[in-house]
Amino acid sequence: MLQYIVRKLFYGILVMLGVVVFVFFLFQGFGDPSRLVMGQRADAATQENIRKELYLDQPKWKQFLWYLNDVSPIAVHSAEDISNKQLHGLFIGTDQTKIGLKVPYLRRSYQSKREVWQLIMEVLPGTLLLAVAAMIIATVIGVFLGVTAAVKKDTWMDTSSIFLSIVGISAPSFFMGIIIAYLFGFVLSKFTGLHMTGSWFDIDEVTGEKYLTLKNLWLPAITLGIRPLAIIAQLTRSSMLDVLNQDYIRTAYAKGLSKNVIVWKHALRNALNPVITAITGWFAELLAGAFFVEYIFGWKGIGKLTVDALEKLDFPVVMGSVLVCASLFILVNLLADILYGVIDPRVQI
Amino acid sequence: MPLLQIKNLDVEFTNNDAPTKALHGISFEVNKGEIVAVVGESGSGKSVTAMSILQLLPSPPAKYTSGEILFSDDDEKTVNLLNLSEKELRSIRGNKTSMIFQEPMTSLNPVFSCGQQVAEAIQLHDRVSKKEALQRTVALFKQVQLPDPEKIISRYPFQLSGGQKQRVMIAMAMSCNPSLLIADEPTTALDVTVQKRILQLIKELQQQNNMGVIFITHDLGVVAEIADKVVVMYKGKIVEQGPTQTVLKSPKHPYTRALLQCRPALHPKGERLPVISDFLEPKQQAKPLVKAVPELKKNSAEVLLEVKDLTVKFPSVKNFFGKTLEYNTAVNHVSFDIYKGETLGLVGESGCGKTTLGRTLLRLQDAQEGKIIFEGKDLLSIDKNELRTRRKDFQIVFQDPYSSLNPRKTAGRAIVEPLQVHEVLTSTSKRKELAMELLGKVNLQPEHFYRYPHEFSGGQRQRIGIARALALNPGFIVFDESVSALDVSVQAQVLNLLTDLKNEFNFTAIFISHDLSVVKYISDRIMVMRKGKIEEIGYAEAVYNNPQSAYTSQLLSAIPAG
Numbered sequence: 000m001l002q003y004i005v006r007k008l009f010y011g012i013l014v015m016l017g018v019v020v021f022v023f024f025l026f027q028g029f030g031d032p033s034r035l036v037m038g039q040r041a042d043a044a045t046q047e048n049i050r051k052e053l054y055l056d057q058p059k060w061k062q063f064l065w066y067l068n069d070v071s072p073i074a075v076h077s078a079e080d081i082s083n084k085q086l087h088g089l090f091i092g093t094d095q096t097k098i099g100l101k102v103p104y105l106r107r108s109y110q111s112k113r114e115v116w117q118l119i120m121e122v123l124p125g126t127l128l129l130a131v132a133a134m135i136i137a138t139v140i141g142v143f144l145g146v147t148a149a150v151k152k153d154t155w156m157d158t159s160s161i162f163l164s165i166v167g168i169s170a171p172s173f174f175m176g177i178i179i180a181y182l183f184g185f186v187l188s189k190f191t192g193l194h195m196t197g198s199w200f201d202i203d204e205v206t207g208e209k210y211l212t213l214k215n216l217w218l219p220a221i222t223l224g225i226r227p228l229a230i231i232a233q234l235t236r237s238s239m240l241d242v243l244n245q246d247y248i249r250t251a252y253a254k255g256l257s258k259n260v261i262v263w264k265h266a267l268r269n270a271l272n273p274v275i276t277a278i279t280g281w282f283a284e285l286l287a288g289a290f291f292v293e294y295i296f297g298w299k300g301i302g303k304l305t306v307d308a309l310e311k312l313d314f315p316v317v318m319g320s321v322l323v324c325a326s327l328f329i330l331v332n333l334l335a336d337i338l339y340g341v342i343d344p345r346v347q348i
Numbered sequence: 000m001p002l003l004q005i006k007n008l009d010v011e012f013t014n015n016d017a018p019t020k021a022l023h024g025i026s027f028e029v030n031k032g033e034i035v036a037v038v039g040e041s042g043s044g045k046s047v048t049a050m051s052i053l054q055l056l057p058s059p060p061a062k063y064t065s066g067e068i069l070f071s072d073d074d075e076k077t078v079n080l081l082n083l084s085e086k087e088l089r090s091i092r093g094n095k096t097s098m099i100f101q102e103p104m105t106s107l108n109p110v111f112s113c114g115q116q117v118a119e120a121i122q123l124h125d126r127v128s129k130k131e132a133l134q135r136t137v138a139l140f141k142q143v144q145l146p147d148p149e150k151i152i153s154r155y156p157f158q159l160s161g162g163q164k165q166r167v168m169i170a171m172a173m174s175c176n177p178s179l180l181i182a183d184e185p186t187t188a189l190d191v192t193v194q195k196r197i198l199q200l201i202k203e204l205q206q207q208n209n210m211g212v213i214f215i216t217h218d219l220g221v222v223a224e225i226a227d228k229v230v231v232m233y234k235g236k237i238v239e240q241g242p243t244q245t246v247l248k249s250p251k252h253p254y255t256r257a258l259l260q261c262r263p264a265l266h267p268k269g270e271r272l273p274v275i276s277d278f279l280e281p282k283q284q285a286k287p288l289v290k291a292v293p294e295l296k297k298n299s300a301e302v303l304l305e306v307k308d309l310t311v312k313f314p315s316v317k318n319f320f321g322k323t324l325e326y327n328t329a330v331n332h333v334s335f336d337i338y339k340g341e342t343l344g345l346v347g348e349s350g351c352g353k354t355t356l357g358r359t360l361l362r363l364q365d366a367q368e369g370k371i372i373f374e375g376k377d378l379l380s381i382d383k384n385e386l387r388t389r390r391k392d393f394q395i396v397f398q399d400p401y402s403s404l405n406p407r408k409t410a411g412r413a414i415v416e417p418l419q420v421h422e423v424l425t426s427t428s429k430r431k432e433l434a435m436e437l438l439g440k441v442n443l444q445p446e447h448f449y450r451y452p453h454e455f456s457g458g459q460r461q462r463i464g465i466a467r468a469l470a471l472n473p474g475f476i477v478f479d480e481s482v483s484a485l486d487v488s489v490q491a492q493v494l495n496l497l498t499d500l501k502n503e504f505n506f507t508a509i510f511i512s513h514d515l516s517v518v519k520y521i522s523d524r525i526m527v528m529r530k531g532k533i534e535e536i537g538y539a540e541a542v543y544n545n546p547q548s549a550y551t552s553q554l555l556s557a558i559p560a561g
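Residue numbers (numbering that gives the first Met the number 0), protein chains in the order written: chain R, 0 to 348; chain C, 0 to 561.
Looking at chain C on its own, in the form it has when it is part of the complex (with noise of 0.2 Å):
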C-alpha cells in the first residue's frame, strides 16, 4: 500500500459562476521513504496539488469535483481525505502529514514567538503539558540545527534569518513526526549556501524517519539534488513522471526538454536561449532553433562610471536624543570601474549589499563617502536640480514586476511619464508613438498602451519596466534582480530579449542578481560581493570557470548540480 496515492484528481475554482479547471486528472503516488518532486512553473497547479492533500485550499472558491486522495499511515486502514470531515482533517493535518512553505519571512505568525508557535502544534496533537512541549521544541531546534536552541523558542521570528525561519518550519513540520511531508518550494527565497544545507537536511530527517515527502520546486536542479522520482506539470496536467534520473536524461515529453533546455547556466554567452515555444510548437521549428547572434562588438576601454571609495551606512542604534550611535555597513569603501558598452554581472547573497550598492550608482540613497564620476562629472556632489536632468541618463529595473508598475497607471503612461518629466519630445502625440513603437521592442502589441498592469503575466510586466527604462534612452542602466520573479522559461525570454536590446541601445548595464548562472550568461564581467566588500572581479568566464576567492567557489558549488 502506498502511503499517499492521488487517482484522477480535478479541481475547480468557482469565481463569478464561470469555473476554472486547476488540476486535470492528477494522478500519482508517494512511498514511504521516497522523495517525489512535483516541478512546474507558476500555473501549472503544483501548489494546488500540494494544498488539496491537506485541502488547506480556501473553499469556495475552490472545490473538489473529481477524484480521490487516498492516505494510508499503518498499512491497514485507508483514508480518502477528501471524505473527511473537519474534525478529522485537523487530527491528520500537523499530526500525520504536514507541510512547510515557500516564504519563511511569511509563513510564521509574527506575534508569537518561534518556541510558542512549535509547542502549540505538539500540544494540540499529543495533548502534552506545556512545559514538556517547550522541552520538545528544544529537542527539535536541535535536531533541525539551530543554534542556540534555548534562546531562539523565545525569539520572535523578525529576530531570525530566512534560512532559520525555514528551519523553525521545517521543526514544526516535524514535531509531531509525520509520515508525509509536503515542501512547497521550501528553499525558493533562500540563497543557494542556505538551500544547499536546508536540503541536506529535509534528506537527512526524510532518511531518519522514513517519511514520504512531496517536495514541489521549479528548480530542476534542486531535482536532481533531492529527488527519486519526478513528476512534471504543465498546466494543471502530469506531463510526464518517472525515477529522477531517468526523466531528467531522457525526457520525452516536449515541455520536459524545453525546461531542462532553457536554463541559461547551459548556454555560452551571447548565445540565444531556447524557449518553451520552440519546443511546443513544432511546427515553428523551420527557424533554427538555437539562432546565433552576431558576436558582439569589442568592448571599448572608455570608462564611463568610476567609482571610489564609495561607504553607504544605515543608522541601527540612536541614542536618546535621536543621534546615531552605531552604524550597519552595507557598502564598504568600494572602488570599481565600469565600461563603455559592458554588462557587469554583481552577485552576492541577500544582505551582501549589491541593491544598495546599484541604488546608490543611480543616487536613489545617499551614501556617506566616496566618489560615483559619470562622464567626468561626481554624481554625489552635484546638486537637487542638475541631478534631476541627469537622471535621464541613468535607469533601473526592479526585481517585482507585480510591486513596481503603479496599479493605478496604464502600461502606456508609465512609459510616457519619463518622457513628459524630461521634456523629451514635443507633443503627447509623439511620445505616445515612441512608446508604442518601444513596446514593440520589448515583443509587446502597441495595444497594450492602454491596459492596466494588472491584465499581463510577470514577464510582460517586467518587459514594460524594461520599455519605461529604455525610454529615455539612457546611457547606464542597472538591472536589480530583474529576471530572479520569473519563471525558467519566461526568464530565458527576457534574457533574449535583453541581449537583442542591448545589441540596438548599446547601454552599458549593471545586472544584479544572486544567481551566478545567469550572471554568467548576460555578464561581460563579474563582481562577487560579500559583506558590503568586493570579494572578486573578473572576466565572467574566469569568475565561473576559475574563481580566485574561496567564497566566490563555495557560491558556485552551492549551486544545485542538474
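Next comes chain R alone, as it looks inside the complex (with noise of 0.2 Å):
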C-alpha cells in the first residue's frame, strides 16, 4: 500500500515536472514580458532593469532552469535571493548557495507586483468550497437517483430519471447558471433568501472585518453539479443494472435478505468503481474549470482569478494557477486509486 502511495506519487512528480516544462515554452510566444510590467512610460534602463530582474537577458535554457527552481519545493538558491523573493522555508548552507524546502515561489503578479502564491491562496479556498459543495450534491442526489432508476428499471422513476439526467448532460453551464441565478435569486429571491450574485465572503462595511456568506454557496453549486450529477446518475443506474443481475445478487435474496439491504449494501457497493471515477474525474475538473459559474454568481475563486489574468496578460497568475491546478488534480487522482482498493479488495494495491 505504501509502496504504492509511493510510486503514485512519484508518477505525479514526473507529471508535475511535464507540466511546468509545457506551461514555461508555451507561454514563451507572448511577447515581451518585460514590455507588459513597465507598461507605457519607461526608459530604456528601466526595461533593462526590468529585463534582468525577469532573467529575460539569459539564454532560455537558464531561463527554464531558474523558473524550476523557483516554483520546485526543493531548491538551491542565495541567502540574497532569499530575501529578495521572501521565501518561505528552511534554508540551509553558506551564503553563496542555500540548499532547502520551500513554498514554491511563484513569482509575482505583473499587474498587482503581489506574490502569486499568494494570490491563488487568497482564492483557492473559495474554489475547494465550491467543488466540494457541488460533488457532495452531485454525488448524493445522483447515485440516489441512479440506483432508484436501475431498481425501478422501466417505470415511470426510471424514465423521468433518465430523462432528467439527459435535459442535465444538455445544458451548459453557463446557461443554466443564468437561468437559476434569474430564477431563484431574483424571481423567487423572497421564498429562497437568495440572491443572484455574491461570494462566500463579505467585508463588513462598518468594522472592515470579513465574514462568511455561506448561503452564497447554494446556487453556484447547484448549477455546479448539475452535469456531474447527470452523468454520475446515468453511470450508477447501467453499472448498478449489470451488478443486479449478478449470482451473488441473487445469493443474497436466498440468504432471506431484505431487497433494501441488498440494494443499498451487496449491490451498490460493487457498483461504484466507474461511479468514483466519474466522481473524482469530475472533481479535479470543477476544480480548475469552474470559470464561467464563479463569473455569473460573482464568486471568489481560482477561475475568476486565472480569467482575469489572462485578459491582462498577467502570465505569471496564469502559469501559477496551472501549476496549482495540475498538482490539485493529481492529489485527487491518487484519492481516487486509494478510493478503489478501499471499495474493492480486488483492486490490488
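You may find that some hints are simply not true.
[What the hints assert, rightly or not] Incomplete in silico selection of chain C near chain R, CB under 10 Å:
| id | residue |
| --- | --- |
| 1 | Leu88 |
| 2 | Ser97 |
| 3 | Ile99 |
The hints are simulated quantities; they were obtained by calculation from the structure and are not laboratory data.
Predicted, not measured: the structure shown is a model, and the values here were computed from it.
Cβ atoms here follow ideal geometry from the backbone N, Cα and C, with glycine treated the same way.
Hey, can you piece these two chains together into the complex? The hints should help.
Have a look at this one:
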C-alpha cells in the first residue's frame, strides 16, 4: 500500500515536471514580458533593469532552470535571492548557495506586484468550497437517482430520472447558471432569501472585517453540480443494472435478506467503481474549470482569478494557477486510486 | 407429510406480451432425509423449478400461473410458498430452505469477506450478536472442512479456489440448519476430484441433519452417485421419475434412454454416438442407430509438431520499478511430439497449464524457453510477418461458444474474415461460396450465413467456430475445451461432427479437455498434465484402462460411476 502510494507520488512528480516544462514554453510566445511590466511610460534603462530582474537577458534554457528552481519545493538559492523573493522555508548552507525546502515561489503578478502564491491561496478556499459542495450535491442525489432508476427499471421513476439527467447533461453551465441565478436569486428571492451574485465572504462595511456568507454557496454549487449529477446518475444506473443481474445478488436473496439491504449494501458497493472514476474526474475538473459559474455568480475562485489574469496578460498568475490546478488533479487522482482499493478488495494495491 | 410437495406447477415468462411457458404441470415431492435429483439439459426447466421454490426468479417476467408448492418442516403446519408475503418468504429463505448455486466464482459477493457473508445470514435469522455469528461461522467452516477456518473468515472470495468457495457457499446454506437444501448444479464448474469431495460433503451433511435435498444436475453419473430419487425433465415437463436405480437401469421414456446412451464414456473411439433425435423420432430409426464409422487410417509416424523443453511463465510478483521478481510457471519444461493426422487428447484439472500450452503452440501466448518445431521451423523464433502468414496453418476452436464469436458480426462474416486476411481465393463471392459450403459441412444451412450469433444455440455456435477454424484448411487445430460448455446430447452431435470432419479434412488436432471420458472417445493418444508438467502420455485405451501414474488413476476414479 505504502509502496503503491510512493510510486504514484513519484509518477505525480514526473507529471508535474512535464506540466512545468509545458507551461513555461507555452508562455514564451506572448511578447516581451518586460514591456507588460513597465507599462507605457518607461525608458530603456528601466526596461533593461526589469529584463535583468526577470532573467530575460539570459538564454532560454537558463531562464527555464531558474523558473524550475523557483517553483520546485526543493531548491537552491542564494541568501540574497531568499530575502528578495521573500521565500518561506528552511534553508541550510553558505550565503552563496543555500539548499532547502520551501513554499513554491510562483513569482509576482505583473499587475499588482503581489506574490502569485498569496493571490492563489486567497481564492483557493473559495474554489475548494464550491467544488466540494457541488460534488456532494452531485454524488448524493446522482447515486440516489441512479440506484432508484436501476431498481425501478422501466417504470416512470426510471424514465423520468433518465430524462432529467439527459437534460442535465445537455444544459451548458453558463446557460443553467443564468437561469438558476434569475429564478432563485431574483424571481423567487423572497422565498429563497438568496441573491443573484455573491461570494463566500463579505467585508463588513462598518468594522471592515471579513465574514462568511455561505448561503451564497447554494446557487453556484447547484449549477456546477448539475452535469456531474446527471453523469453520476447514468453511470450508477448502468453499473447497478449490471450488478443486480449478478449471481451473488441472487445468493443474497436466497439468504433471506431484504431488498433494501441487498440494493444498498450488497449491490451498490460493487457498482461504485466506475462512479468513483466519474466523481473524482469531475471533482478535479470543477477545481479548475468552474470559471463561468464563478463569473456569473461573482464567486471569488481560482477560475475567475485565472481568466482575469489572462485578460491582462498577467502570465505569472496564469502559470501559477495552472500549476496549482495540475497538482490538485494529481492529488485527487491519487485519492481515487486509494478509494478503489478501499471499496473493492480485488483491486490490489 | 412430505417435506416439500410441488403440485401441478406452471411458470410463464412474459416477454413483450407473448408469454412463454417454462414449466408445464410439474409435480414431485421431497421427503425428509431424501436426496432427489432433478436431471435435464439446458432449457429443460430444472433451474426454473429450483428457483421457483424460493421464488428467486425475477418477477416480472416470471409468473406463477397455477399450482402450489407446499412446504412443511414440522409435520403440523403446511404452507403454500406461493401464497406467502415477501416478509414471510424472507424468513424461510436461507433459514428453513437454502440454496447452493452453480458458479462458486460468481455466487459470492466479491467485496465482502467470506466470514462476513456467512455471519450475515446467521445474524439475520437467529438474531445473535456479530461476535457469536462469527464464532458460529468458524464452526461451520470447520464442518465443511475448510482449511484454517479462522483465517478464511477474513479472506475475500477472490483469494480462494473454486472448491473452497463452494464450501463457503455450503457453509452459508447450512448456517441456519435448513430442513431443505436446494443445490443447483453445485459441482458442474469444479474439477472431478474436487467434485467428488463436494458430493461427499453434501451427502454427509444431509445425513447428519436429516435434510431433504433437491439436487439439480445435467450429469447422470453424479445422479447415480448421490440421489435416492430421480426426476427427469425435458422441455419444461417431467418425463419420468422414480427411484434412482430403477430409472437408470431401466429407463422408460426415450429421452432418458437417449441421455444415458449418448455419453461418450460408453463408446469406443470412432463409433458414432447416438443423439437425442435417434430416440425421440423412432420413424427415422430405419437408419442403423449406431452407424459404424470406417476404420481410421493408420497414423503415419511422421512428426508434424515437435515441442522441446517448452516453458511458459507469468509474472506474479513485481518490485517497485516494475521488474518481475517471481514467476508462476504454467508450463514447465514440456517436451512431446505430435504425429501427422493424429488426435492428441490433453487432460488435466484447472490450472494445470493445458490451456496455456495449447495457446503457446499457436503463439497466442509467448514462451520463455524451448522450441516448437512445426514442419521443420521453430515457431518461437520466426518474426511477426512470417508468423502472420503461417497462422493459416494452425487454428483454434475455443471453449465458450457464447463469447468467442463477435456479436456484431454475422456467422458468415466470421468465416469469411480469415479468408480475406490470408487472401485465399480471389473474389468476395467465391469466399462466400466457400463459407456456405463450410456451413453445410458443419450441418448448418447456407442461409445461416446472414444470421448473428445470438440467433444460434450453443451447439450451433460451436459449429460456426469449427467452420471458421476449418476455413483456411489448416493442418493443425487446437480444440480448447470445445465441447465442455455443451449439453451431453449436443456434445454427442459435435463429437460426431468432429469425427466426420477429421476423416474429410484430415487435420491433426490437439483436443484439450478436463473430461477424461470425452478425451478417451476422441483421441488416439492421451497426455495428462499436472502442475505444468506431463504426468503421463500414451495410447488412449492404455491410459484410460491401465494408467501408469498415480495421478491419472486418481482422476479416473473421481469420475462419477453412472
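Which constraints among the numbered hints does this structure fail? Numbers only, ascending.
none
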